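> Each chain, written out:
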Amino acid sequence: MDSIVGKNSALTWAVNISVVVLVLLWTIPTFGLLVSSVRDKDQLVSSGWWTSFSSVERNLIKRSAPASEQSQTDDIYLLKGNVFGEEVGVITAFGWNSKAPTAFTPGDTVQMRKGKELQINADGSYLLTSPIPFTSKKGSRLFVTSVEAPIFTLDNYSEVLFAEGIGKSFLNTMTVTIPATIIPILIAAFAAYALAWMEFPGRAIMLAMVVGLLVVPLQMSLIPLLRLYTDVGIGKGYLGIWLAHTGFGLPLAIYLLRNYIAGLPREVIESARVDGANDFVIFVKIILPLSFPALASFAIFQFLWVWNDLLIATVFLGNNEEELVMTGRLREMLGSRGGNWEILTASAFVSIFVPLMVFFSLQKYLVRGLLSGSVKGG
Amino acid sequence: MKLTAYLTAATIALTANVAIAETDLKFTPGEDARFNWASYEALKSVDLKGETISVFGPWLGADKALLENVVAYFEKATGAVVKYSGSDSFEAQIVIDTEAGSAPNVAVFPQPGLAADLAKKGKLTPLAAGTADWVRENYAAGQSWVDLGTYKNAEGKEDLYGFFYKADVKSLVWYSPENFEDAGYEIPKSMEELITLSDKIVADGGTPWCIGLGSGGATGWVATDWVEDMMLRTQSPDVYDKWVKNQVKFDDPKVLAAIDAYGDFARNDKYVSGGAGTVATTDFRDSPKGLFSSPPKCYMHRQASFIPAFFPEGTVVGEDADFFYFPAYAAKDLGKPVLGGGTLFAITNESKGAHAFVEFLKTPIAHELWMAQEGFLTPHKGVNQDAYASESLKGMGEILLNATTFRFDASDLMPGAIGAGAFWTGMVDYSGGKSAKEVGAQIQKTWDTIK
Numbered sequence: 001m002d003s004i005v006g007k008n009s010a011l012t013w014a015v016n017i018s019v020v021v022l023v024l025l026w027t028i029p030t031f032g033l034l035v036s037s038v039r040d041k042d043q044l045v046s047s048g049w050w051t052s053f054s055s056v057e058r059n060l061i062k063r064s065a066p067a068s069e070q071s072q073t074d075d076i077y078l079l080k081g082n083v084f085g086e087e088v089g090v091i092t093a094f095g096w097n098s099k100a101p102t103a104f105t106p107g108d109t110v111q112m113r114k115g116k117e118l119q120i121n122a123d124g125s126y127l128l129t130s131p132i133p134f135t136s137k138k139g140s141r142l143f144v145t146s147v148e149a150p151i152f153t154l155d156n157y158s159e160v161l162f163a164e165g166i167g168k169s170f171l172n173t174m175t176v177t178i179p180a181t182i183i184p185i186l187i188a189a190f191a192a193y194a195l196a197w198m199e200f201p202g203r204a205i206m207l208a209m210v211v212g213l214l215v216v217p218l219q220m221s222l223i224p225l226l227r228l229y230t231d232v233g234i235g236k237g238y239l240g241i242w243l244a245h246t247g248f249g250l251p252l253a254i255y256l257l258r259n260y261i262a263g264l265p266r267e268v269i270e271s272a273r274v275d276g277a278n279d280f281v282i283f284v285k286i287i288l289p290l291s292f293p294a295l296a297s298f299a300i301f302q303f304l305w306v307w308n309d310l311l312i313a314t315v316f317l318g319n320n321e322e323e324l325v326m327t328g329r330l331r332e333m334l335g336s337r338g339g340n341w342e343i344l345t346a347s348a349f350v351s352i353f354v355p356l357m358v359f360f361s362l363q364k365y366l367v368r369g370l371l372s373g374s375v376k377g378g
Numbered sequence: 001m002k003l004t005a006y007l008t009a010a011t012i013a014l015t016a017n018v019a020i021a022e023t024d025l026k027f028t029p030g031e032d033a034r035f036n037w038a039s040y041e042a043l044k045s046v047d048l049k050g051e052t053i054s055v056f057g058p059w060l061g062a063d064k065a066l067l068e069n070v071v072a073y074f075e076k077a078t079g080a081v082v083k084y085s086g087s088d089s090f091e092a093q094i095v096i097d098t099e100a101g102s103a104p105n106v107a108v109f110p111q112p113g114l115a116a117d118l119a120k121k122g123k124l125t126p127l128a129a130g131t132a133d134w135v136r137e138n139y140a141a142g143q144s145w146v147d148l149g150t151y152k153n154a155e156g157k158e159d160l161y162g163f164f165y166k167a168d169v170k171s172l173v174w175y176s177p178e179n180f181e182d183a184g185y186e187i188p189k190s191m192e193e194l195i196t197l198s199d200k201i202v203a204d205g206g207t208p209w210c211i212g213l214g215s216g217g218a219t220g221w222v223a224t225d226w227v228e229d230m231m232l233r234t235q236s237p238d239v240y241d242k243w244v245k246n247q248v249k250f251d252d253p254k255v256l257a258a259i260d261a262y263g264d265f266a267r268n269d270k271y272v273s274g275g276a277g278t279v280a281t282t283d284f285r286d287s288p289k290g291l292f293s294s295p296p297k298c299y300m301h302r303q304a305s306f307i308p309a310f311f312p313e314g315t316v317v318g319e320d321a322d323f324f325y326f327p328a329y330a331a332k333d334l335g336k337p338v339l340g341g342g343t344l345f346a347i348t349n350e351s352k353g354a355h356a357f358v359e360f361l362k363t364p365i366a367h368e369l370w371m372a373q374e375g376f377l378t379p380h381k382g383v384n385q386d387a388y389a390s391e392s393l394k395g396m397g398e399i400l401l402n403a404t405t406f407r408f409d410a411s412d413l414m415p416g417a418i419g420a421g422a423f424w425t426g427m428v429d430y431s432g433g434k435s436a437k438e439v440g441a442q443i444q445k446t447w448d449t450i451k
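Heads up: the sequence lines are chains E and L, in that order.
Take 1 as the starting number for the first sequence in the working numbering and just add one per residue.
Take 1 as the starting number for the second sequence in the working numbering and just add one per residue.
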């Protein structure tokens, strides 16, 4: 007995540890994304997120004040200021030439070209002297090595959230998503009931066809469908995209709901029939309330898919200002050539928000709904 | 149906709003003498009230705003409404839209190859008669621009379908003038000098080049530009044209020599920042940043005219960064070849407005308005060169106007499977260590399969 118990606990440990490892593996990328999204955009491109919690030494190129700000004492021309401007920093090394940017320690006075001298202190203040007037309009380059504390900021989020047109895009996405979630559920519920409880010839074949449709890649149908829309005069627009999403979502919806509805107790439905209820009454009064978990779980699936969709929206809706959806807007903010990490990371979290809300408000039904078909007569 | 009617009404109301909001123009007509306002006034004779022109192209974000600033003048003068929409998957979407019959009026193609494909399927409308003559007369190296925009239609009849507007120069080397000054380097005038300079930088303990090929799904295109530039500098333009049509094979010694000429730079550990091994994995957007680091990770970066968009914030082109012409070999008598690119406008859904829009692109004002903003070069000889927003843009414009040989980016002219496929991946393999012979044979094999 003891040995079995011992084995069990070792196994439990193994299971627990592997669960922890898996959870970590799955959450680390998201965590990294979250950290990146609140980092300063210059730091974001220069180092990985895992280095973001400690101070880093960076070599910076700063400029002295321009020649117009020089003052004169006796025969010497002076330029002074602070390399950090208004900010505060600590300097650990400096130089005046790109060949040797870290040659000197703060506080030293060093010789530059043409008799110029440079002194930079640890707090960033500098003094440039020259026997002849300064001429550079931009100021000389000053190379400093500074210790930089990590900067965390919400600027990235405000850039995304307050971008021009984002509110309109949010409404557009809602206009697409809500009907595109509700319409397939309505149709699928009727179809699922019919396929589960109404006797008619060819029922099994129809069900097989619906399941078969699950394997058809939707990309294949984009051109024919759009051509059909153009021919019948729907063209590009909301009606077209609702119908498209409905069509693409229906096979899975019917399959899921049929399995659930077929699993409802036969007695309930038969006794309702005996009491004189017709199919429609049974559907509305008994099936719909009982299959709420399955409806909810499919609603989550469909909502998430439509919310995140970019392909179908760009094909069936067009990309102009009035019809651009959220995903399209975020992509547009990345510019023609991409590469803006700060926008990418912040917008990922912005667009995650609504689906998360939907998921958490409906998630208690999700597992019930998915398991529904598996335990018959339950 | 009631719903669609309601939505249509709402859309109309929205567009009306947009049209009103866009009345403020970036440069007030008549004020700035750099612009050819006469051509703007002449535009007012075209009446397109109530006409909506949909334009679809690859430009997003900042580029899109620049185009819209130009288009605003067309709208103001003619009364038409132009709806521009951009997409980073333009290449795929324009095919879907034209196939499905829901094409925009005007499409902006970044690659002539794709436009030629669509013309062959009969999806493009030939430009108005006389456009070809106009381009020949008014564009520098006019015939080459006409050739690039002329395609066969479904019946095999040739016509001018594409009008080039907005060009890029690719044969540029970017550097930091101050770093050159600190180290005492001179701008090289010939390829030989460039190689000597590179060796000198290595001898001084520096690294001459920053090269990065990474670009997501398009990784490798940077290297194809290098090879094309090397082709133009080692072979006659005639060989280049034959290479584009595969009459000179990819495994031809002439092509392999050009690939190896690129390899002399990119596969030399001492020449490339981070070592030759990092070339294929460094993103092209990040690679120029090495010019501005302290100490400099590299001194030179060969890239097209658009790259300043990826310089660190606050970098002023002409002061903090500058460019010189990627020189030709002094020992070879090939003139001053320039590699470039451009976007072409084609009519995908014919309407009166679409033709008028292309006519508008011919006017000097349409060019000058974008020149005065940023990132725009034009081969149009009739525009005021002073309209360029900066000296550096003007300098690039001059490189374009003075080119003895202008050739379009070969990878954009080759069939998609090569120019946007095998050539890219082949160059990544080459940068990773495969021999030019193997890579050339592999690309040629792919080309043979699509014939």
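Take these hints with a grain of salt, some might be off.
Distance condition first, Cα-Cα at most 20 Å in a straight line; then the derived DMTMM-like pairs of lysine to aspartate or glutamate [stated by the list, open to error]:
#1 E:K99 to L:D241
#2 E:K41 to L:D286
#3 L:K64 to E:D231
#4 L:K64 to E:D275
#5 E:K99 to L:E319
#6 E:K137 to L:D286
#7 E:K116 to L:E391
#8 E:K99 to L:D204
#9 L:K189 to L:E374
#10 E:K99 to L:E178
#11 L:K83 to E:E87
#12 E:K137 to L:E391
#13 E:K138 to L:E181
#14 L:K64 to E:D42
#15 E:K116 to L:D182
#16 E:K114 to L:E178
#17 E:K41 to L:D182
#18 E:K138 to L:D286
#19 L:K200 to L:E181
#20 E:K236 to L:E391
#21 E:K138 to L:D322
#22 E:K41 to L:E178
#23 E:K137 to L:E99
#24 E:K99 to L:E99
#25 L:K83 to E:E159
Source of the hints: derived by calculation from the structure; they are not laboratory data.
Only a predicted model underlies this, so the values are computations on that prediction, with no experimental measurement involved.
> Would you check the hint for K64 of chain L and D231 of chain E, treating anything up to 20 Å between C-alpha atoms as holding?
31 Å, violated
> Quickly compare the C-alpha distance for K116 of chain E and D182 of chain L to 20 Å and report which way the hint goes.
Status holds; Cα separation ~15 Å.
> Is the hinted pair K116 of chain E and E391 of chain L satisfied, with a Cα-Cα distance of at most 20 Å?
Violated - the C-alpha atoms of E391 of chain L and K116 of chain E are around 31 Å apart, more than 20 Å.
> Assess, step by step, whether the Cα of K99 of chain E is no farther than 20 Å from the Cα of D204 of chain L, and give holds or violated.
9 Å, holds
> Quick one, are K200 of chain L and E181 of chain L close enough, alpha carbons at most 20 Å?
With a Cα-Cα distance of about 14 Å, the restraint between K200 of chain L and E181 of chain L holds, given a limit of 20 Å.
> Taken at face value, is the distance from the CA of E99 of chain L to the CA of K99 of chain E at most 20 Å?
58 Å, violated
> Decide if the proposed pair is consistent with the structure: K83 of chain L and E159 of chain E, CA atoms, cutoff 20 Å inclusive.
With a Cα-Cα distance of about 25 Å, the restraint between K83 of chain L and E159 of chain E is violated, given a limit of 20 Å.
> With the threshold set at 20 Å, check whether the alpha-carbon distance from K83 of chain L to E87 of chain E stays at or below it.
45 Å, violated
> Are the Cα atoms of K138 of chain E and E181 of chain L separated by 20 Å or less?
Judged against 20 Å, a Cα distance of about 15 Å means the pair holds.
> Against the 20 Å threshold, does the CA-CA distance of K64 of chain L and D42 of chain E hold or violate the hint?
25 Å, violated
> Would the pair K236 of chain E and E391 of chain L pass a check requiring their Cα atoms to be no farther apart than 20 Å?
45 Å, violated
> Decide if the proposed pair is consistent with the structure: K99 of chain E and D241 of chain L, CA atoms, cutoff 20 Å inclusive.
44 Å, violated
Going through the hint list in order, the structure does not satisfy hints 1, 3, 4, 6, 7, 9, 11, 14, 17, 18, 20, 22, 23, 24 and 25.
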